[in-house]
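Protein chains: 8
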Amino acid sequence: MNRPYVRLDRDDVAVLLVDHQAGLLSLVRDIDPDKFRNNVLALADMARYFRLPTILTTSFESGPNGPIVPELREQFPDAPFIARPGQINAWDNPDFVAAVKATGKGQFLIAGVVTEVCVAFPVLSALAEGYEVFVVADASGTFNAMTRDAAWARMEAAGAQLMTWFGAACELHRDWRNDVDGLGALLSNHIPDYRNLITSHTASRP
Amino acid sequence: MNRPYVRLDRDDVAVLLVDHQAGLLSLVRDIDPDKFRNNVLALADMARYFRLPTILTTSFESGPNGPIVPELREQFPDAPFIARPGQINAWDNPDFVAAVKATGKGQFLIAGVVTEVCVAFPVLSALAEGYEVFVVADASGTFNAMTRDAAWARMEAAGAQLMTWFGAACELHRDWRNDVDGLGALLSNHIPDYRNLITSHTASRP
Amino acid sequence: MNRPYVRLDRDDVAVLLVDHQAGLLSLVRDIDPDKFRNNVLALADMARYFRLPTILTTSFESGPNGPIVPELREQFPDAPFIARPGQINAWDNPDFVAAVKATGKGQFLIAGVVTEVCVAFPVLSALAEGYEVFVVADASGTFNAMTRDAAWARMEAAGAQLMTWFGAACELHRDWRNDVDGLGALLSNHIPDYRNLITSHTASRP
Amino acid sequence: MNRPYVRLDRDDVAVLLVDHQAGLLSLVRDIDPDKFRNNVLALADMARYFRLPTILTTSFESGPNGPIVPELREQFPDAPFIARPGQINAWDNPDFVAAVKATGKGQFLIAGVVTEVCVAFPVLSALAEGYEVFVVADASGTFNAMTRDAAWARMEAAGAQLMTWFGAACELHRDWRNDVDGLGALLSNHIPDYRNLITSHTASRP
Amino acid sequence: MNRPYVRLDRDDVAVLLVDHQAGLLSLVRDIDPDKFRNNVLALADMARYFRLPTILTTSFESGPNGPIVPELREQFPDAPFIARPGQINAWDNPDFVAAVKATGKGQFLIAGVVTEVCVAFPVLSALAEGYEVFVVADASGTFNAMTRDAAWARMEAAGAQLMTWFGAACELHRDWRNDVDGLGALLSNHIPDYRNLITSHTASRP
Amino acid sequence: MNRPYVRLDRDDVAVLLVDHQAGLLSLVRDIDPDKFRNNVLALADMARYFRLPTILTTSFESGPNGPIVPELREQFPDAPFIARPGQINAWDNPDFVAAVKATGKGQFLIAGVVTEVCVAFPVLSALAEGYEVFVVADASGTFNAMTRDAAWARMEAAGAQLMTWFGAACELHRDWRNDVDGLGALLSNHIPDYRNLITSHTASRP
Amino acid sequence: MNRPYVRLDRDDVAVLLVDHQAGLLSLVRDIDPDKFRNNVLALADMARYFRLPTILTTSFESGPNGPIVPELREQFPDAPFIARPGQINAWDNPDFVAAVKATGKGQFLIAGVVTEVCVAFPVLSALAEGYEVFVVADASGTFNAMTRDAAWARMEAAGAQLMTWFGAACELHRDWRNDVDGLGALLSNHIPDYRNLITSHTASRP
Amino acid sequence: MNRPYVRLDRDDVAVLLVDHQAGLLSLVRDIDPDKFRNNVLALADMARYFRLPTILTTSFESGPNGPIVPELREQFPDAPFIARPGQINAWDNPDFVAAVKATGKGQFLIAGVVTEVCVAFPVLSALAEGYEVFVVADASGTFNAMTRDAAWARMEAAGAQLMTWFGAACELHRDWRNDVDGLGALLSNHIPDYRNLITSHTASRP
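Residue numbers (the working numbering), protein chains in the order written: chain L, 1 to 206; chain W, 1 to 206; chain F, 1 to 206; chain R, 1 to 206; chain Y, 1 to 206; chain U, 1 to 206; chain A, 1 to 206; chain H, 1 to 206.
Don't read these hints as lab results, they were simulated from the structure. Every residue gets a Cβ at the ideal spot worked out from N, C-alpha and C, and that includes glycine. Any given hint might turn out to be false.
[What the hints assert, rightly or not] When the alpha-carbon atoms are kept at most 27 Å apart in a straight line, the in silico DSS-like pairs for lysine-lysine are as follows:
hint, chain 1, residue 1, chain 2, residue 2
1, Y, Lys35, W, Lys35
2, Y, Lys35, U, Lys35
3, A, Lys35, F, Lys35
4, L, Lys35, H, Lys35
5, W, Lys35, L, Lys35
6, U, Lys35, A, Lys35
7, R, Lys35, W, Lys35
8, U, Lys35, F, Lys35
9, L, Lys35, R, Lys35
10, H, Lys35, A, Lys35
11, R, Lys35, Y, Lys35
12, W, Lys35, F, Lys35
13, Y, Lys35, F, Lys35
14, U, Lys35, H, Lys35
15, H, Lys35, R, Lys35
16, L, Lys35, A, Lys35
[Said to hold, decoys possible] Simulated DEER-style distance windows between Cβ atoms:
hint, chain 1, residue 1, chain 2, residue 2, range
17, Y, Glu129, R, Lys101, 31 to 37 Å
18, R, Pro77, L, Asn189, 49 to 55 Å
19, A, Thr202, Y, Asp12, 42 to 48 Å
20, L, Asn189, W, Arg73, 53 to 59 Å
21, A, Gly86, H, Val6, 56 to 62 Å
22, Y, Ala145, H, Ala98, 41 to 47 Å
23, L, Ala83, H, Glu71, 33 to 39 Å
Construct the entire structure; sequences and hints are all you get.
Here you go:
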C-alpha cells in the first residue's frame, strides 16, 4: 500500500522547465518574488551542475505571457526549446514529448508556472505513461496557497513526488565526496544562510 | 496504487452550483469576499463559455439562507433550478439527481457553500455512484481554513479531484488555438494580473 | 482504491468526549479559546439534540490536568463517565471500551484534548477494531498547527474521517424538514453569523 | 498636542490618482489583486458619485510601467490627465500642481501605486503646502506590508490622515437621507457582503 | 509632549454602543465571529456590572443593516436608544448627543461596527468637544486589519485611548477587594482560560 | 516635538516584574509559550547580571491567578516581594511604590502579565510621576496581538519606550570590553541562534 | 486500504538523531528557534527517560555545518556516534546502518536537520527495508513550511507516521501509573503551560 | 505639531552600514533570507549608483559575530571601515563618528543588524545631535516582527523617518530623466517583478 522509495538517479533524470515566462511570473503569489526568482535560478544551476538534460518550453511568447526568463535561455543555449503554438498541456505537444523521450531518461524533475496547469498537466501525463515524476515545488508558482495545495493533492494522488531544488540536489549528489566544492558553490550561491556559514567558517580558519 | 489521470473533457462535463445563497455567503470566511465573489462569477462565466450544462440548486431560499446570488440566476436562465424543500445533501433530492443524470455527463464540476456540507455531501454521493468528480475549490467556501482542510481530506480520500476555476478552464480548453480571444476574455475579466498583462501588451504593440 | 462514502447515521452513532479538562485546555493553542469553547459546547448540544449516546472520560482529574469542564458534566448527567486511573489511550481502559461497546453503535464521533494523544490514540484503536470513526476536528485541540497536521495525517491514513461539529450535525440531520426549529436553534446558539441571519430575517418578515 | 478633527467636506475635496498603471500594478503585493482592483474602482466610482474633481497622472506610460488602467481613463474622460515626463514625485510636475490648484480645493484624497513613493511623495509635498491630505490606503498598494507600514508612519507623522474608500464615502455623505439609493448602489457594487445583505433584505420584503 | 495618564473613573464614564446590528455584523472580518460576539457581550455585561450609563444607537434598522443585536437591547431595557434616521456619524444626531450629555459624564467608552466609520466618527467628534474618549477596540470590528489599523491611527492621533473590554474593566475596578466575586464572574463568563483557572482552583481546594 | 534620546543607564535602572504568575501565564497568547518563558527568564538573568535592583509583585497568589513563577522567586531571594492584597495597578499599592522609590533609581524596566493591565497601569503611573519608563515588551504577554497593539499605543503615547530584553541588555552593557564572557554567556543561554554561532566559532578555532 | 495501527513499543524502539549541528541549525526557519531548541532537547530527554537506544550521526562537522549540538553529545556519552565522511543519506553509511541494526529494534523515531534531506532520506531507506518509521516532526526542521509540507507528503506516502515528541512520549508510556513523577518531570521541563499547571496545582494543595 | 517634509537630498546624504556580519545575519528572522540579502545588496548598489559616501562598521569580526558580508567590503573598497573594538552603539566609537562627520553630510541613511540595537542606537544618537536620519528598514533585520515593531516605535518617536531602499532611491533620483538607464538597471537587478516588466516590454517592441 505504501509507495516504494524511488530515488533520484543522476544518470536517469531530465529536467523540464515549463512556461517560466516574464508575463506569467506576475501571476505567482504563493512565493515571494525574491525567493521564487532565486529558486528558479537555483534549479537551473543545479541542472547544469549535474549535467542533466534539460528541456525548455513556453506558451505564446509573443503575447501577454511574455518571453521566457532570459537567464534560463542563456543557461541552456543548446537545450531543446519548444515554443508551443497553443497546447496548454506541454505533453499535448508532440515536439515536446519527442524531445523528452529523446533524452532516454525515466525520471523527470518538473517545474513551471503556474503550478496547477503548466506543471500539473504534464506531470499527470508523464505519470500516466509510467515515468517517475518529481515536482520541484519551490521552483513552481501560482496564484495563492489554496490553489497550490489543491494542485499538490492532485499530483500527489497520481503518484508524483513533491520535492524542492535543494532536496533534489542532495538526493542527486549522494555523497559530498563526489565534489565538495561544486555542491558547496551551488548552495552558497542560492542559500544565503549557507553562504554565511561558509563565510564565517572560512574566516575562522587559521 | 496511484490514481490514473482523469482529465476534464468538455463533452462530458456538467457543472453543479450548490447553495450560493446571499445569506449563506456571510458564513464564508476562508476566502476573502472580493476574491470569492470573483471566483464564483468566473466559474459561471466559464460554464457558459464552454456551454457546459449547469444545474442550480438552493436550500430554503425563503428563510435566513437567503435567495440565490442573482447573477447566477441571470447567467443561467434556462438551467434546471432545484429549490430543495429540505434535503441538506442535494443528492438526496430526486429532482436534483434526475436533472444531473439528464445531462448525460459523467464528469461533474461541483462548487458551493459551505464546503464541508453543501459541496462535500453531493461530491461523496456522486463518487459513490461512480461519477468522476472535480471540486472547484476556490468557488466553494466555508467557515475557516481548518474546516476546509478537513473537508478536502474527506473528499480527496473518496476520489474527488481538487481543482480551481482557472485550472478547470485550462484543462477544458486544451489548446489556445481553439479560441484565443474567448479564453483571453474569460481570464481578463477575472484575473486582474492577467488583465494588466493584456493591457500592457496591447499598448506596447506598434 | 478510493474510500467508500461512509455516512453518519444517527441511529448508529455514539459520541466519545475525551479529556476536555480545565487544566489540559490551557495547552490548546491551535484554536482560539473563544472559538474552541464554543465548538466543544456545540458538539455537546448536538449530541443531546440528536440523543446520541455519549461517553465522557478523563485522565487524572485530581492532578494538574484538572476537572472535566463542568458544562459537559452537567449536560450529560446520566452518561457513562470513566475517570481513567492512568491509561493515556482511553481505549486501553476496559471500562471505557465496555461503555463504548454497550452503546451497540458502529460509528463514533470522537473529540478531545490533546488531538495527537487523547483523540488520536482511541481513534486508531477503534479503527483497528473495525469501527467507523469520525474525528470532530474543531472540538479537538492541541499545542499548535504543526502538531495537529501531523495528527490528522496519522488518523486519516488509518481510515478516520475528519469532520467538524457543524458538518456532523448536517450529515446526521439529513433533511431540514425533520425539525426546522431544532436544528435552527442549534445553529443559532453556536454560529454567530447564522444567528445574525436569523435575526435579520425574522425582523424583516411582515 | 492632539490633532483636531478635520472632516472631509464634499465641497472642498479633490481626488488625485497617481500611477495606477498596468505594469506597476504587478508590483503590488500587500493587498490581494482581486481586492485591490475592486478598491481602486470603488474609489473611482465614489469620486464620480460625489462629483469630486479628479486628477489623473502617470509616469512613463510608454515604458515598462505600462498604460493607466483603462477603466480609470474611461471613468474620467474630462479629467486633467498629466503624463509626467519624468518627475517621480507628481508634485514636482508644475502641470500637475497647476491642475490640483485649479480645483480650488483644500482637501485631497490621494491614492496610487506604489504607496511609499507615488503616494507618499505628493502627500508629503501637499502637506508641506498646508493642504489637508487624506490617504486612501486601500486603493494604494506596494511591495509588502513592511514597506506599507513604514510609508504610513512617515505620512502619518507629517499630518496625513489614513482612510479607506468606504470610510471616505461615509464621511463625505454625512447622512443617508441625502441619497439612500445612490450610496446603497455604490456599496452594493463594491462590498460583496453588503450586496448580499441587500439581496436578502429585498427578497424578504413582502 | 507626552499624553498625561487619563484614567477611567467609574463615576465619570458612559458607554456608547454604536450600530451593533445583525446585518452590519456580517461585514466584520478583522476579528473571528465567536470572539467578536463574546467581546461585545462582555462589554455589555461590564457596563451593567459597573452600572455605567449606556446609550444605544442604530442606523436604518429597517433596512439591510438589520436590527440591533437582541441581547444588547435586552441587557439595557431602560437605556436611551436612538434609532438614527440617517446620520452616519452618531454625533451628528442631536438626540444622541443630548442623551450622551444627559449622562453628565466626561469619559466615554465607545464601541461599534464598523470601526472606521460608526466608531471613529463619534470618537473624533467627542474628542473635538473636549471629552476623554476610550475606544473599546475588541468590541469594535471592520472589514480587515488594514482598515482597522488606519482607523486606529486616525483616532489615536486625535487623542483617543485604545483599550479592550478587559483592560477597561480592570481600570474601572481598581481593586479586587471592591468585589472579588463580581469581577471574577465577569471574567469567568467571558474569558475561557480564566474560567478554566477558576474551575481548576476551586476543584483543588480541600 | 521629537522625543530626546533617553538611554538606559545601569546605575539608574530598577526592574519591576509584575504578576508573572503560573495561572495568569495561561492567558498569554500573543507570544508562543516556549519563547515567552525564555524571554522572562532572560530578563531575570539580565537583571541579576547587571545587579539591577529588582522588585517582584503579585496579585492574589492564593487564588486562580496562581503563585509566582518559582524561578523568579529563586532568582531574587532578597528582592522586595509585594503580594498585593487587591490593587490591580501595582502603583496603587503603597508598599510597592515605597519599594520602588527606595531603589533611588529614575529609570524602570517593567514587564508583566497581562500587558494592557499589569504592565500598562504601573507604566502610566510611573510616567505620570516623571520617571523614565522602558517596557520590556517581549517579557510581557497578553491575550492576542490586537490587545497588545492597543496597549503599546497607549503606553507609547504617554512616553514609554518599547524595548526587548536583548535591546535593553545591549544598551546597559554599552561596550563588550566591559565583560565579554559575561554578556556572551547571557546571550548564549537565551538566544539559540547565538549559542550556535558560539558553538561553531569555538569549534573552528585551532 | 487503510494503514493498520502500528503503535510505538518501548521495547522495540530506537532513536536516530541526524545532523543536529550548530551550523545547520541556522537553516531552520519553519519553527521558531526557542521552540525548536526545546523540542530537540525534549526528544533527547525522552529518549534517555525511556532508555531507548539512541544513535547520533553528523555530516562534515569540521566544515560549515558545524559540530553537533553539545547537549546532545553530553546526553548520550555512550551512544554510537557516526560522523559520516560524506554520505548525505545516513542510511548510505554502512557504519550507521550497522549501528542501527545492532540495536535489534524494529521501530525508529527519527529526527534531524533538514527535514527533506537528513530526515527524509533515511526515513525512506528504512521504510524500504521494512522497518516501522516514526518521524518526530517537531524535532526536525527546515527552510520553510512549503519545504516541510512537501517532505511530509513524500514520507507519509511511503508509510512513515508523523508524530511529535510529546505524542511519542505518551504512546511509549502507555499508563501514567508506570511512573507519574518521571513523565511529569519530562513534561514540566519542556512544556511551559504544563509546568504552570503543576505549579498552580501544587500550590493549591493544602 | 506635524513633522515637516524633510526630503532626501543626494548632495547631503551619507550611508551608514552597521554590522552586516555573516554570523549576526543568522539572527535575522523578521525578513526572509533571500529577500533580506537582496535588500542589503540593493542598498549597496544604490549607494554606489548615487555615489553616496558610505561608511562600514562591524563589531567583533574575529568572534562569533563573523566577518562582514564580503560583497559589501568589495563594493566599497575605499570606504572608511571601522572595526569597533567593543562599543555596541557605533556612535560611541570616536573613529566612526569622525568618519561620519568627515563626510560633511547632514542626512544619513542607516541600515544594519540587528534593528533594535545596531541600527536604533546610532539612529538615536545621530538624531540627538541634530542630524536628519532615515532608517532603511528593509535592509535592517532582527529576531522577529515584535522586536522590529518596538524598535520602529522608539526610532520614530525620536524623529527618524522609516524608509526602504526603493523609496530612498526614488526620492534621491527625483526625475527619471536624470538617468533612465541607470535607475532602470538598479531596479531590474533587485526587483524581480520590475525586471519582468522590462523583459516583457523590451520583447514587445518592434
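Hints, verified against the model:
1. Restraint check for Lys35(Y) and Lys35(W): the C-alpha separation of about 24 Å stays at or below 27 Å, so the hint holds.
2. For the hint pairing Lys35(Y) with Lys35(U), the CA-to-CA distance comes to about 25 Å; that is within 27 Å, so the pair holds.
3. Taking the CA atoms of Lys35(A) and Lys35(F), the gap is about 25 Å. The hint holds against a cut of 27 Å.
4. This hinted pair checks out: Lys35(L) and Lys35(H) have alpha carbons roughly 7 Å apart, not beyond 27 Å.
5. For the given pair, Lys35(W) sits about 25 Å from Lys35(L) by alpha-carbon distance, which is consistent with the 27 Å threshold.
6. A C-alpha spacing of about 7 Å is found between Lys35(U) and Lys35(A), which places the hinted pair at or below 27 Å, so the restraint holds.
7. At roughly 7 Å between alpha-carbon atoms, Lys35(R) and Lys35(W) fall within 27 Å of each other, so this suggested pair holds.
8. Under the criterion of a C-alpha separation no larger than 27 Å, the hint pairing Lys35(U) with Lys35(F) is consistent with the structure, at around 24 Å.
9. Restraint check for Lys35(L) and Lys35(R): satisfied, since their Cα atoms lie roughly 24 Å apart, inside the 27 Å limit.
10. A distance of roughly 24 Å separates the Cα atoms of Lys35(H) and Lys35(A); the hinted pair therefore holds under the 27 Å criterion.
11. For the suggested pair Lys35(R) and Lys35(Y), the alpha carbons sit about 25 Å apart, so the restraint of at most 27 Å is met.
12. Annotation: proposed proximity of Lys35(W) to Lys35(F) holds, straight-line Cα distance about 25 Å (limit 27 Å).
13. For the hint pairing Lys35(Y) with Lys35(F), the CA-to-CA distance comes to about 6 Å; that is within 27 Å, so the pair holds.
14. Among the hinted pairs, Lys35(U) with Lys35(H) is consistent with the structure: their alpha-carbon atoms are about 25 Å apart, no more than 27 Å.
15. At roughly 25 Å between alpha-carbon atoms, Lys35(H) and Lys35(R) fall within 27 Å of each other, so this suggested pair holds.
16. Using a Cα cut-off of 27 Å, the hinted pair Lys35(L) and Lys35(A) holds, with the two alpha carbons roughly 25 Å apart.
17. Taking 31 to 37 Å as the suggested C-beta distance range, the pair Glu129(Y) and Lys101(R) conforms, at roughly 34 Å.
18. Between Pro77(R) and Asn189(L) the C-beta distance comes to about 52 Å, which sits within the given range of 49 to 55 Å.
19. Taken as a hint, the range 42 to 48 Å holds for the pair Thr202(A) and Asp12(Y), whose Cβ atoms sit roughly 44 Å apart.
20. A hinted range of 53 to 59 Å for the beta carbons of Asn189(L) and Arg73(W) is consistent with their spacing of about 57 Å.
21. Taking the beta carbon of each, Gly86(A) and Val6(H) are about 57 Å apart, inside 56 to 62 Å as hinted.
22. The beta-carbon spacing between Ala145(Y) and Ala98(H), approximately 46 Å, falls within the hinted interval of 41 to 47 Å.
23. Hint check: Ala83(L) to Glu71(H), Cβ distance near 37 Å, so the stated range 33 to 39 Å holds.
The structure meets every hint from the earlier list without exception.
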